[in-house]
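Residue numbers (our numbering), protein chains in the order written: chain A, 122 to 244; chain B, 122 to 244; chain C, 122 to 244; chain D, 122 to 244.
Derived by calculation from the structure, the hints in this document are not laboratory data.
Please read all numbers here as calculations on a predicted model, not as lab measurements.
Where a beta carbon is used, it is the ideal one built from N, C-alpha and C, also for glycine.
Possibly wrong hints are sitting among the right ones.
Said to hold, decoys possible - Here are the simulated lysine to aspartate or glutamate pairs, EDC-like style, with alpha carbons at most 20 Å apart:
# : chain 1 : residue 1 : chain 2 : residue 2
1 : B       : 208       : B       : 139
2 : D       : 217       : C       : 161
3 : B       : 192       : C       : 126
What the hints assert, rightly or not - Quick list of the computed label-pair ranges, beta carbon to beta carbon:
#  : chain 1 : residue 1 : chain 2 : residue 2 : range
4  : D       : 151       : A       : 192       : 45 to 51 Å
5  : A       : 232       : D       : 199       : 27 to 33 Å
6  : A       : 203       : D       : 127       : 55 to 61 Å
7  : C       : 239       : B       : 174       : 34 to 40 Å
8  : C       : 238       : A       : 130       : 20 to 26 Å
9  : C       : 174       : B       : 174       : 26 to 32 Å
10 : D       : 211       : A       : 203       : 39 to 45 Å
11 : C       : 229       : B       : 174       : 49 to 55 Å
12 : D       : 165       : C       : 135       : 29 to 35 Å
13 : D       : 230       : C       : 135       : 20 to 26 Å
14 : D       : 155       : A       : 241       : 29 to 35 Å
As the list claims (entries may be wrong) - Looking from chain A toward chain B, a few residues come up when the C-beta cut is under 7 Å (computed):
#  : residue
15 : 133
16 : 135
17 : 138
18 : 139
19 : 149
20 : 165
21 : 191
22 : 195
23 : 198
24 : 215
25 : 221
26 : 226
4 protein chains.
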Amino acid sequence: MLKVDSRSSKPIYKQIIESIKEDIIKGILKPGDKLPSVRELSAMITINPNTISKAYKELERMKTIEVIRGKGTFVCKDYKPVITEEKMENLKENMKKIIIEAHYMGINKDKLLNIIEDIYGKF
Amino acid sequence: MLKVDSRSSKPIYKQIIESIKEDIIKGILKPGDKLPSVRELSAMITINPNTISKAYKELERMKTIEVIRGKGTFVCKDYKPVITEEKMENLKENMKKIIIEAHYMGINKDKLLNIIEDIYGKF
Amino acid sequence: MLKVDSRSSKPIYKQIIESIKEDIIKGILKPGDKLPSVRELSAMITINPNTISKAYKELERMKTIEVIRGKGTFVCKDYKPVITEEKMENLKENMKKIIIEAHYMGINKDKLLNIIEDIYGKF
Amino acid sequence: MLKVDSRSSKPIYKQIIESIKEDIIKGILKPGDKLPSVRELSAMITINPNTISKAYKELERMKTIEVIRGKGTFVCKDYKPVITEEKMENLKENMKKIIIEAHYMGINKDKLLNIIEDIYGKF
DNA sequence: GTGGTCTAGACCACA
DNA sequence: GTGGTCTAGACCACA
Chain A
122 MLKVDSRSSK
132 PIYKQIIESI
142 KEDIIKGILK
152 PGDKLPSVRE
162 LSAMITINPN
172 TISKAYKELE
182 RMKTIEVIRG
192 KGTFVCKDYK
202 PVITEEKMEN
212 LKENMKKIII
222 EAHYMGINKD
232 KLLNIIEDIY
242 GKF
Chain B
122 MLKVDSRSSK
132 PIYKQIIESI
142 KEDIIKGILK
152 PGDKLPSVRE
162 LSAMITINPN
172 TISKAYKELE
182 RMKTIEVIRG
192 KGTFVCKDYK
202 PVITEEKMEN
212 LKENMKKIII
222 EAHYMGINKD
232 KLLNIIEDIY
242 GKF
Chain C
122 MLKVDSRSSK
132 PIYKQIIESI
142 KEDIIKGILK
152 PGDKLPSVRE
162 LSAMITINPN
172 TISKAYKELE
182 RMKTIEVIRG
192 KGTFVCKDYK
202 PVITEEKMEN
212 LKENMKKIII
222 EAHYMGINKD
232 KLLNIIEDIY
242 GKF
Chain D
122 MLKVDSRSSK
132 PIYKQIIESI
142 KEDIIKGILK
152 PGDKLPSVRE
162 LSAMITINPN
172 TISKAYKELE
182 RMKTIEVIRG
192 KGTFVCKDYK
202 PVITEEKMEN
212 LKENMKKIII
222 EAHYMGINKD
232 KLLNIIEDIY
242 GKF
């Protein structure tokens with residue numbers, strides 16, 4: 122399901138990371154599933170292999186995926202959520218930013234909550 | 122109230138933009154209020170005037186502030202929210218990303234809604 | 122009829138020049154009519170006298186108005202149009218720019234001609 | 122075809138913007154065409170890269186060109202004209218100004234329409 | 001190699 | 001004094 126928009130201002134490697142995480146949450150990718158290799162994925166979505174590699178490395182660092190030597194890359198089986206204070210602060214910061222942006226678009230709390238319900242509905 | 126963290130990975134000009142928008146929403150800055158001049162603010166927070174200028178220009182483009190020739194820069198009086206489809210899509214994208222991030226931190230919908238309540242409570 | 126918008130990005134002194142020229146074309150100001158003094162006008166529209174003065178000086182240079190020592194400033198009686206090649210080039214450049222701008226707004230030649238008719242209709 | 126006159130009072134970045142827009146309308150630049158990179162153009166016309174960058178950024182904001190990460194800058198393929206009331210007012214204001222200027226040069230409506238025909242003839 | 005951000009500093013138009 | 005434009009040059013993220 123991996124889709125990447127090279128026009129977007131969002132870095133491609135981040136798009137890949139988010140896309141894979143989303144697929145895992147939606148159950149499209151399940152723990153233990155094999156991911157395409159860097160070269161395969163690079164060919165599939167015609168993106169520079171370095172970019173794919175960067176995304177995979179970051180996902181590995183987050184313990185979302187793991188590389189098994191000679192076998193390939195897999196979705197981790199035993200992911201345990203980790204909250205650090207820093208991540209929490211970050212999340213709040215980002216949420217605040219969105220709320221402010223919404224306010225400037227004339228979107229109040231109720232409307233924003235609707236949007237959130239919508240998104241959860243799709244998972 | 123303007124604080125800037127030069128070690129943050131977030132561009133300084135964006136920090137300034139967000140900080141000013143937040144101050145407006147919180148009522149710390151009111152419509153018609155004068156902002157410090159580029160040079161003043163530059164001296165206050167020891168950031169290069171060009172960087173301040175960049176932030177002000179972008180805020181002007183968003184119609185959040187306005188420049189009155191030779192008099193200075195002011196918070197706009199008659200801000201009208203504008204929603205374009207593009208902005209809406211963007212907002213949803215960003216919200217989805219946060220929700221995914223939250224999920225990976227073990228924060229479920231209820232906890233996230235609490236966080237949102239908290240943020241609104243501060244405005 | 123002189124109106125000035127200090128919010129506009131157009132320099133105030135230019136707004137004054139254009140406004141006076143427009144009034145002359147419309148017949149609101151007639152050849153020989155007395156203009157308010159710099160100080161009077163400055164008080165009337167609460168604009169810095171230096172700015173008024175700059176506008177008057179430029180209008181004088183263009184032979185649109187003339188200063189009669191001790192009596193005041195008047196609309197010239199015997200204005201003769203002067204076309205220099207430079208001015209002509211300038212006019213064409215500006216017109217071209219407008220036409221390009223119109224094009225990018227989806228305004229074609231016919232619609233632009235309508236706009237022009239409209240403007241002439243008001244003179 | 123990009124030419125820039127550094128002696129002109131018109132800011133260089135605006136000259137670049139207008140020149141590119143003109144080239145697009147004339148068909149010299151077509152949708153999807155690659156523009157020279159900031160550095161290339163900078164070298165070609167010996168203008169500081171920052172100035173080129175400023176022009177490109179503004180053209181991007183207007184959706185005339187788009188940046189594709191790491192690949193370069195391209196003429197947008199799917200430009201849709203947008204008229205806002207503000208832009209329309211602006212256009213009329215500028216046209217009025219030209220008409221007044223023309224009048225003071227002894228150019229009447231018919232002559233002005235000829236000039237306009239001329240310009241459209243070149244596109 | 002591509003553009004994005006930032007600094008330091010100069011000069012100018014405008015009010 | 002106010003912001004606008006431009007240069008020169010550094011460092012960085014991304015592909």
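Going down the list of hints, with the structure as the test:
Between residue 208 of chain B and residue 139 of chain B the alpha-carbon distance is near 16 Å, which keeps this suggested pair within the 20 Å criterion. With a C-alpha separation of about 27 Å, the suggested pair residue 217 of chain D and residue 161 of chain C falls outside the 20 Å cut-off, and the hint is violated. Only pairs whose Cα atoms come within 20 Å are accepted, and residue 192 of chain B paired with residue 126 of chain C is accepted, the gap being roughly 13 Å. A hinted range of 45 to 51 Å for the beta carbons of residue 151 of chain D and residue 192 of chain A is consistent with their spacing of about 48 Å.
Between residue 232 of chain A and residue 199 of chain D the Cβ separation comes to about 29 Å, which falls inside the hinted range of 27 to 33 Å. For the hinted restraint 55 to 61 Å between residue 203 of chain A and residue 127 of chain D, the CB-CB distance of approximately 57 Å keeps it satisfied. For the pair residue 239 of chain C and residue 174 of chain B, the supplied restraint of 34 to 40 Å holds, since their beta-carbon distance comes to about 38 Å. Taking 20 to 26 Å as the suggested C-beta distance range, the pair residue 238 of chain C and residue 130 of chain A does not conform, at roughly 43 Å.
In this structure, residue 174 of chain C and residue 174 of chain B meet the distance hint of 26 to 32 Å, their C-beta atoms being roughly 29 Å apart. For the pair residue 211 of chain D and residue 203 of chain A, the supplied restraint of 39 to 45 Å is violated, since their beta-carbon distance comes to about 54 Å. At about 38 Å, the CB distance of residue 229 of chain C to residue 174 of chain B disagrees with the hint of 49 to 55 Å. The hint said 29 to 35 Å for the Cβ distance between residue 165 of chain D and residue 135 of chain C, and at roughly 34 Å that hint holds.
About 24 Å separates the C-beta atoms of residue 230 of chain D and residue 135 of chain C, a value consistent with the hinted range of 20 to 26 Å. Range check, residue 155 of chain D to residue 241 of chain A: Cβ separation about 42 Å, and the 29 to 35 Å hint is violated. With its C-beta approaching chain B no nearer than about 15 Å, residue 133 of chain A sits outside the 7 Å limit, and its interface hint is violated. Checking residue 135 of chain A against chain B by beta carbon gives a least distance of about 9 Å; that is not within 7 Å, so the hint is violated.
Look at residue 138 of chain A: its Cβ only gets to about 10 Å from chain B, farther than 7 Å, so that hint breaks. Annotation: residue 139 of chain A was flagged as interfacial toward chain B, and the flag holds, the nearest CB pair being 6 Å apart, inside 7 Å. A hinted interface residue such as residue 149 of chain A counts as satisfied when its beta carbon comes closer than 7 Å to some beta carbon of chain B; here the least separation is about 13 Å, so the hint is violated. Using the Cβ-Cβ criterion of 7 Å, the hint placing residue 165 of chain A at the interface with chain B is not satisfied: the shortest such distance is roughly 22 Å.
For residue 191 of chain A, the interface hint is violated, since its Cβ never comes within 7 Å of a Cβ in chain B; the closest pair sits about 28 Å apart. Restraint check, residue 195 of chain A versus chain B: the minimum CB separation of about 17 Å is more than 7 Å; hint violated. Among the interface hints, the one on residue 198 of chain A is violated; its C-beta lies about 15 Å from the nearest C-beta in chain B, farther than the 7 Å criterion. For residue 215 of chain A, the suggested interface contact is upheld, since its CB lies about 6 Å from the closest CB of chain B, less than 7 Å.
Interface hint status for residue 221 of chain A: upheld, as the beta-carbon distance to the closest one in chain B is roughly 5 Å, under 7 Å. Using the Cβ-Cβ criterion of 7 Å, the hint placing residue 226 of chain A at the interface with chain B is satisfied: the shortest such distance is roughly 5 Å.
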